[in-house]
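Just need the whole structure built from these sequences, with the hints factored in.
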Amino acid sequence: MEELIKQEILIDSLTITPKYKDSLSNGLNQEGFMKYADIKANIYMSFFKDYLYQQKVEYNNDFYILYFTMAGFDDMQWDIIKIPKSKWNGKERLSREKVEKSSSIEHILFNYDEGAKNTENIRIFIKKDYLIMERGNLYHSLYDLKNQKVLINEESPWHQAEGDGKEGLNKWIKENLHDRIEKIINE
-12 MEELIKQEIL
-2 IDSLTITPKY
8 KDSLSNGLNQ
18 EGFMKYADIK
28 ANIYMSFFKD
38 YLYQQKVEYN
48 NDFYILYFTM
58 AGFDDMQWDI
68 IKIPKSKWNG
78 KERLSREKVE
88 KSSSIEHILF
98 NYDEGAKNTE
108 NIRIFIKKDY
118 LIMERGNLYH
128 SLYDLKNQKV
138 LINEESPWHQ
148 AEGDGKEGLN
158 KWIKENLHDR
168 IEKIINE
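For the sequence shown, our numbering begins at -12 and goes up steadily by one.
Keep in mind that a hint or two might mislead.
With a Cα cut of at most 30 Å, we get these calculated BS3-like pairs of lysine-lysine [stated by the list, open to error]:
(1) Lys161 with Lys(-7)
(2) Lys43 with Lys22
(3) Lys22 with Lys78
(4) Lys136 with Lys88
(5) Lys43 with Lys85
(6) Lys115 with Lys133
(7) Lys69 with Lys88
(8) Lys69 with Lys8
(9) Lys69 with Lys170
(10) Lys27 with Lys114
(11) Lys74 with Lys43
(12) Lys43 with Lys88
(13) Lys74 with Lys88
(14) Lys114 with Lys158
(15) Lys69 with Lys115
(16) Lys85 with Lys114
The hints are simulated quantities; they were obtained by calculation from the structure and are not laboratory data.
Set out below in C-alpha cells:
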C-alpha cells in the first residue's frame, strides 16, 4: 500500500489517483495496472530473491534437491538440482547465487505453474533408479538417475494444456506426463 501511495497510483488506501483511474470500472486503467504490476513483481522478487528449500533425496554420492521460487509475475517454479555429497553437508542453506554460479551444482530440471496451480503435496522421490517430481498428486517429471538424463518434463504444462482451466490442465498432465511416468516406473 505504501508503495502504491508513494508512486502516486493511490491518493490514500481507498482512492485511486485520477490519472490512473478507469472511468467505466472505477478500477485501475491500463497505465495504472502496469505500474501496479511492476510494484507487485518487485515485491515478489525481493521476497523470493533466494530459492526456498523444500526437500532433498540421496542417490549414490549425490543429493537431489527440490527448490521453490517465484517465476515472473505470479507463477510458481520448482527446480531440481544435483550436488555431490562431498560439496554439501545436506543442511546448510544454498543461496540463489551459489546455486546459479557453483560448478559443482548441476541444474537437472524445472517446471512452473501459470494459471491454475498444482501446489499440493509437492515432493521428489526415487523409485527403481528414477527420480520423480510429484505436484498436486500427479507426476510431472521423470529423471533417469543411472543415465543422468531427463526422460519426461514439461516446463510449462499450462501452455501445453492450452489454458483449459484446472480440470483441463490436470487432465492433460495425467494423460501426457503422469500416466507415461507411471508406466515407466512400474515396468
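Against the structure, the hints come out as follows:
| no. | hint | verdict |
| --- | --- | --- |
| 1 | Lys161 with Lys(-7) | violated (46 Å) |
| 2 | Lys43 with Lys22 | violated (38 Å) |
| 3 | Lys22 with Lys78 | violated (40 Å) |
| 4 | Lys136 with Lys88 | holds (21 Å) |
| 5 | Lys43 with Lys85 | holds (17 Å) |
| 6 | Lys115 with Lys133 | holds (10 Å) |
| 7 | Lys69 with Lys88 | holds (13 Å) |
| 8 | Lys69 with Lys8 | violated (49 Å) |
| 9 | Lys69 with Lys170 | holds (25 Å) |
| 10 | Lys27 with Lys114 | violated (40 Å) |
| 11 | Lys74 with Lys43 | holds (14 Å) |
| 12 | Lys43 with Lys88 | holds (20 Å) |
| 13 | Lys74 with Lys88 | holds (14 Å) |
| 14 | Lys114 with Lys158 | holds (24 Å) |
| 15 | Lys69 with Lys115 | holds (18 Å) |
| 16 | Lys85 with Lys114 | holds (29 Å) |
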